[in-house]
Amino acid sequence: MTRPESVHYLRTEPTMAFPDGRLLARKQRQLYLLAPDGWTRLGADRPIDAKPLTRQEAEDWCEREGIDWHAFEQL
1 MTRPESVHYL RTEPTMAFPD GRLLARKQRQ LYLLAPDGWT RLGADRPIDA KPLTRQEAED
61 WCEREGIDWH AFEQL
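Under the working numbering, residues 1 to 75 are what the sequence shown spells out, in order.
Treat the hints as calculated values from the structure; they're not laboratory data. If you're wondering where the values come from, they're calculated on a predicted model, not measured in any experiment. Hints are supplied without guarantee of correctness; some may be wrong.
Straight line, CA to CA, 20 Å or less: simulated EDC-like cross-link-like pairs of lysine to aspartate or glutamate [what the hints assert, rightly or not]:
#1 K27 <-> E59
#2 K27 <-> D45
#3 K51 <-> E63
#4 K51 <-> D20
#5 K51 <-> E13
#6 K27 <-> E57
#7 K27 <-> D49
Now the in silico label distances, taken between C-beta atoms and shown as ranges [claimed, not checked]:
#8 H70 <-> I48: 29 to 35 Å
#9 R29 <-> R64: 25 to 31 Å
#10 D68 <-> I48: 28 to 34 Å
#11 E73 <-> M16: 26 to 32 Å
#12 A44 <-> G66: 27 to 33 Å
For glycine and all other residues, C-beta sits at the position ideal for the given N, C-alpha and C.
Whole structure, please, built from the sequences with the hints as guidance.
And the structure:
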């Protein structure tokens with residue numbers, strides 16, 4: 001049996017400023033937003049329009065957006 005992931009990834013809906021949405025992560029009950037310099041703590045409420053992503057999809061999103069791998073791995 002595999003252990004469930006401790007971090008769950010989400011992508012917000014696209015906007016004009018962020019056509020591919022923004023990457024969010026939930027670790028325990030805390031929600032974080034990924035910025036180019038790392039994760040920013042938001043709060044506990046998940047945006048209702050955020051779609052779940054697998055870790056692989058989150059990694060692919062980072063690659064498309066040019067986010068540094070070390071920033072992604074900080075959480």
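Now for the hints, and whether the structure bears them out:
no.	hint	result
1	K27 <-> E59	holds, 16 Å
2	K27 <-> D45	holds, 12 Å
3	K51 <-> E63	holds, 18 Å
4	K51 <-> D20	holds, 12 Å
5	K51 <-> E13	holds, 8 Å
6	K27 <-> E57	holds, 17 Å
7	K27 <-> D49	holds, 18 Å
8	H70 <-> I48: 29 to 35 Å	holds, 31 Å
9	R29 <-> R64: 25 to 31 Å	holds, 28 Å
10	D68 <-> I48: 28 to 34 Å	holds, 29 Å
11	E73 <-> M16: 26 to 32 Å	holds, 29 Å
12	A44 <-> G66: 27 to 33 Å	holds, 29 Å
Against the hints set out earlier in the document, no violation occurs for any number.
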